[in-house]
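Using the sequences and the accompanying hints, generate a full structural model.
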Amino acid sequence: MPTPAENRLAHVADRVEIEALRGEFSDAAMMNDYDRLASLFTPEGALRMPDVPAELVGQEQIRAFGPQRPAEFLVQTSHPGWIEIDGDTAAGRTYMHELGRSRDGRSVTNFAIYHDRYQRTPDGWRFSERVYELTYLDTTDLTGSPAASWRAAQASGGRA
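So for the sequence shown, UniProt numbering puts the first residue at 1; every next one is plus one.
Quick caveat, the hints were computed from the structure, so don't treat them as lab data.
A portion of the hints provided could be inaccurate.
Okay, the calculated beta carbon distance ranges per label pair [unchecked claim]: (1) Ser145 <-> Asp86: 43 to 53 Å; (2) Pro4 <-> Val75: 38 to 48 Å; (3) Glu84 <-> Met30: 22 to 32 Å; (4) His79 <-> Val12: 17 to 27 Å; (5) Met1 <-> Leu134: 39 to 49 Å; (6) Ser39 <-> Thr143: 28 to 38 Å; (7) Thr143 <-> Asp123: 38 to 48 Å; (8) Ser145 <-> Met1: 25 to 35 Å.
Glycine included, each C-beta is placed from N, C-alpha and C at the ideal position.
Structure, rendered in structure tokens:
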């Protein structure tokens, strides 16, 4: 039987693994790596984004979304939220701030919440469900460019 200290250590390790999973999701989304993004879900896991709209169930649908993704570019910053662990399952929230431009030229700045369900698997914690809730949307044109290089910005006196 584990000691109370061992139980606390295991609980902390689970929380760290779930935070790493949430961070890897943002990295995969920003890098447009939908093979990796799909691998972060259980085989039957779901990514639900009613405001996009997209309802992706299973790793194959999540993987196939990449080429259809409406964003030309996406910068996604995740902020840690609540996590509650119950054995081999957990629930949590991740708070998001996003900047992006759609392929048709529309800009977006938003804040959102991912409502998450997690499952411990032989490969570590995975999403069993991730539901995207848009909480703030601003469609004012972004004035920057995803293609602006640091060198170009320096050469123009700080303007890209």
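Consistency of the hints with the structure:
1. At about 45 Å, the CB distance of Ser145 to Asp86 agrees with the hint of 43 to 53 Å.
2. Distance hint for Pro4 and Val75: a CB-CB separation of about 42 Å, consistent with the stated range 38 to 48 Å.
3. Take Glu84 and Met30: their Cβ atoms lie about 27 Å apart, and the range 22 to 32 Å holds.
4. Taking the beta carbon of each, His79 and Val12 are about 20 Å apart, inside 17 to 27 Å as hinted.
5. Checking the proposed 39 to 49 Å range against Met1 and Leu134 shows it holds: the Cβ atoms sit about 46 Å from each other.
6. Between Ser39 and Thr143 the CB atoms are about 36 Å apart, so this pair conforms to the stated range of 28 to 38 Å.
7. Judged by the Cβ atoms, the range 38 to 48 Å given for Thr143 and Asp123 holds: they are separated by roughly 42 Å.
8. One distance hint, 25 to 35 Å for the beta-carbon pair Ser145 and Met1, is violated here, with the actual separation near 59 Å.
Against the hints set out earlier in the document, a violation occurs for number 8 only.
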